[in-house]
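We have chain A; now place chain B onto it with these hints.
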Amino acid sequence: MDGVELRYGGHAVLQDISLSVEAGEIVTIVGPNGSGKSTLLRVLIGALRPQSGRVLRDAALRIGYVPQKLQIDPTLPMTVRRFLDLPQRVDSSRAAHALETAGAGGLERRQMVDLSGGQFQRVLLARAILSEPNLLVLDEPTQGLDQPGSAAFYRQIEDVRDRLGCAILMVSHELHVVMSASDRVVCLNGHVCCEGTPEVVRAAPAYRELFGTGTGGALALYRHDHDHHHHDHDHAHEGHEC
Amino acid sequence: MLGDFMVRAALAALGVALASGVLGCFVVWRRMAFFGDAVAHAAILGVALSLAFSASVFVGVLAVSLLMAVALWALEGRGLGQDALLAVLAYGALALGLVAAAVLPGGRVDLDAYLFGEVLTATRVDLVVIWAGAALVVAAVWWRWNALLTATLSPDLAHAAGIDPRREQMILTLMLAALVAVAIKVVGALLITAMLIIPAAAARHFARTPEAMAMIAVAFGALASLGGLWGAVLMDAPVGPSIIVASALIFAVARGTGRAVI
Numbered sequence: 001m002d003g004v005e006l007r008y009g010g011h012a013v014l015q016d017i018s019l020s021v022e023a024g025e026i027v028t029i030v031g032p033n034g035s036g037k038s039t040l041l042r043v044l045i046g047a048l049r050p051q052s053g054r055v056l057r058d059a060a061l062r063i064g065y066v067p068q069k070l071q072i073d074p075t076l077p078m079t080v081r082r083f084l085d086l087p088q089r090v091d092s093s094r095a096a097h098a099l100e101t102a103g104a105g106g107l108e109r110r111q112m113v114d115l116s117g118g119q120f121q122r123v124l125l126a127r128a129i130l131s132e133p134n135l136l137v138l139d140e141p142t143q144g145l146d147q148p149g150s151a152a153f154y155r156q157i158e159d160v161r162d163r164l165g166c167a168i169l170m171v172s173h174e175l176h177v178v179m180s181a182s183d184r185v186v187c188l189n190g191h192v193c194c195e196g197t198p199e200v201v202r203a204a205p206a207y208r209e210l211f212g213t214g215t216g217g218a219l220a221l222y223r224h225d226h227d228h229h230h231h232d233h234d235h236a237h238e239g240h241e242c
Numbered sequence: 243m244l245g246d247f248m249v250r251a252a253l254a255a256l257g258v259a260l261a262s263g264v265l266g267c268f269v270v271w272r273r274m275a276f277f278g279d280a281v282a283h284a285a286i287l288g289v290a291l292s293l294a295f296s297a298s299v300f301v302g303v304l305a306v307s308l309l310m311a312v313a314l315w316a317l318e319g320r321g322l323g324q325d326a327l328l329a330v331l332a333y334g335a336l337a338l339g340l341v342a343a344a345v346l347p348g349g350r351v352d353l354d355a356y357l358f359g360e361v362l363t364a365t366r367v368d369l370v371v372i373w374a375g376a377a378l379v380v381a382a383v384w385w386r387w388n389a390l391l392t393a394t395l396s397p398d399l400a401h402a403a404g405i406d407p408r409r410e411q412m413i414l415t416l417m418l419a420a421l422v423a424v425a426i427k428v429v430g431a432l433l434i435t436a437m438l439i440i441p442a443a444a445a446r447h448f449a450r451t452p453e454a455m456a457m458i459a460v461a462f463g464a465l466a467s468l469g470g471l472w473g474a475v476l477m478d479a480p481v482g483p484s485i486i487v488a489s490a491l492i493f494a495v496a497r498g499t500g501r502a503v504i
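Residue numbers (my numbering), protein chains in the order written: chain A, 1 to 242; chain B, 243 to 504.
Do not take every clue at face value.
Over the 12 angstroms line for every Cβ pair with chain B, so calculated as not near, a few chain A residues [stated by the list, open to error]: (1) 32; (2) 161; (3) 165; (4) 173; (5) 199.
Among the chain B residues that face chain A by a calculated CB cut under 7 angstroms, a handful are [said to hold, decoys possible]: (6) 271; (7) 388; (8) 391; (9) 392; (10) 396; (11) 401; (12) 402; (13) 403; (14) 449; (15) 450; (16) 451; (17) 503.
Only pairs whose alpha carbons sit at most 25 angstroms apart, straight line, appear in this in silico SDA-like list of lysine to any residue [as the list claims (entries may be wrong)]: (18) 69/A to 388/B; (19) 69/A to 272/B; (20) 69/A to 450/B; (21) 69/A to 407/B; (22) 69/A to 453/B.
The set of hints was computed from the structure by calculation and includes no laboratory data. Think of the CB as a built atom: it goes at the ideal place given N, C-alpha and C, for glycine as much as any other residue.
Chain A on its own, in the form it takes in the complex (with noise of 0.2 angstroms):
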């Protein structure tokens, strides 16, 4: 993405933005409500297009989405195994291969609207990773879960990524639980305020007048519960001030 710029009836949702994602990388997007974050997300996959710059994507990009929400309409029936057959058919044993990955397996008969909002987020998982994506894009995956959700959610993710070897781009404002995940992150706020590693992020001046300091504490303590899965209770502690 390259001085990619937005507007909405004169307002300037997205302004000079240039990205790039290098294949295998984690990148995150993090920033305050209607900083533009899910807008980025839809330049991206070809949803909206900026008044100027540019989207170049390499030749061989697939990229598998994962939307932020999608309401499902009652009056529409769709088993999780029928919606992994979209966009494209696959066989079952691909289908039930994805849901295993993505840590929704033996779904496929259920209705997508029966599911719990972890459930949904995986089988939205798996749908995305069939297209076998070198990119795959998330969108606030893990709204409308609770932590212990959340951070299961983010490791299914590191998880995926180490199977596929995909690079991932994804929008968070849980910022304690993502940056630790992420190879970089990017504070956006309509413009990119700072970019770097989760550490070089978190100190620099940009991303503190955003967010605040208190969110240091409660990443430090998720990167040392990192492999020990008890990230549920520690979170309780955290003081956030965005």
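This is chain B only, laid out in the frame that chain A set:
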């Protein structure tokens, strides 16, 4: 056998049931009821214009419905597809058609046949037109099935998969206009949307997948067509409204016996 007007009427109604069952599912899933009404009501203006200029009613209806459909599609693209605006267009077009039929040269025509359908007078040519139109609608929807479903679930999901959701919506819009042009003979402009929505809504109660819903909707539409035709002849009632009454009865039974979703 095709000499028998009852057989022709039954075949005409079955053709419309086939196409409207498949297309109707998308009308229900995408909440396009008013959209369908606007396109169908515009058909009356098409009738008035055809009669005034002594042109084929089929061509007039098709032309005006297509124009209305494309106009609605364009409005939706600008984020103007609200309920109220669609209603203004739907009833504006209907009223304009009624006024035009009364004041345009060509004499005051009785519009009942176009408002409520008159399938008992269907000719062999009508049958050919209806089944050709139905085949076109079913083939187009079948061809784009997965892309249409993806775009219906989420435009962003479609974009990410390289599907243009606006293009898919255009296909549905054009097929809606084609269906109106052939269904007006059977159920009339006022009840075409009912023929689209009611069998599909009834089918929802028994379906676990989109494909099953479409097939059950076609079956329910066919059942309502034959049942409505039979009931109309028995009670000397108009056929179009009788078919819709039969559909509504099927819906009531489906809702009572299946999982109440709608």
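Problem set entry | Given hint residue 403/B near chain A, where the shortest CB pair must fall under 7 angstroms | At 4 angstroms from the nearest chain A Cβ, residue 403/B passes the 7 angstroms test, so the hint holds.
Problem set entry | Per-residue hint verdict: residue 503/B, partner chain A, C-beta under 7 angstroms | Constraint on residue 503/B satisfied, holds at 6 angstroms.
Exercise. Residue 165/A: least C-beta distance to chain B exceeds 12 angstroms?
Worked result: Residue 165/A clear of chain B: closest Cβ-Cβ about 20 angstroms, beyond 12 angstroms.
Exercise. Should the hint that residue 388/B touches chain A count as held when the rule is a Cβ pair under 7 angstroms?
Worked result: It holds, given that the least Cβ distance between residue 388/B and chain A is near 5 angstroms, below 7 angstroms.
Problem set entry | residue 161/A remote from chain B - nearest C-beta pair above 12 angstroms | Its Cβ never comes within 12 angstroms of chain B, the nearest being 18 angstroms, so this holds.
Problem set entry | Distance restraint between residue 69/A and residue 272/B, which requires alpha-carbon spacing of 25 angstroms or less | The given pair, whose Cα atoms are some 17 angstroms apart, holds under the 25 angstroms limit.
Exercise. Does the structure keep residue 69/A and residue 388/B at a Cα separation of 25 angstroms or less?
Worked result: holds, 20 angstroms
Problem set entry | Interface hint compliance - residue 271/B to chain A, C-beta minimum distance less than 7 angstroms | holds, 5 angstroms
Exercise. For the pair supplied as a hint, residue 69/A and residue 407/B, is the alpha-carbon distance within the 25 angstroms limit?
Worked result: Within the cut-off at roughly 18 angstroms; holds.
Problem set entry | Given as non-interface: residue 173/A, partner chain B, CB spacing beyond 12 angstroms | holds, 19 angstroms
For this session: Identify whether the interface hint at residue 392/B stands, where standing means a beta carbon of chain A within less than 7 angstroms of its own.
Result: Since the shortest Cβ distance to chain A is 4 angstroms, the answer is holds.
Problem set entry | Agreement of residue 69/A and residue 450/B with the hint, judged by alpha carbon distance not exceeding 25 angstroms | At roughly 22 angstroms apart (the allowed maximum being 25 angstroms), residue 450/B and residue 69/A satisfy the hint.
Checked against the numbered hints given earlier, the structure satisfies every one of them.
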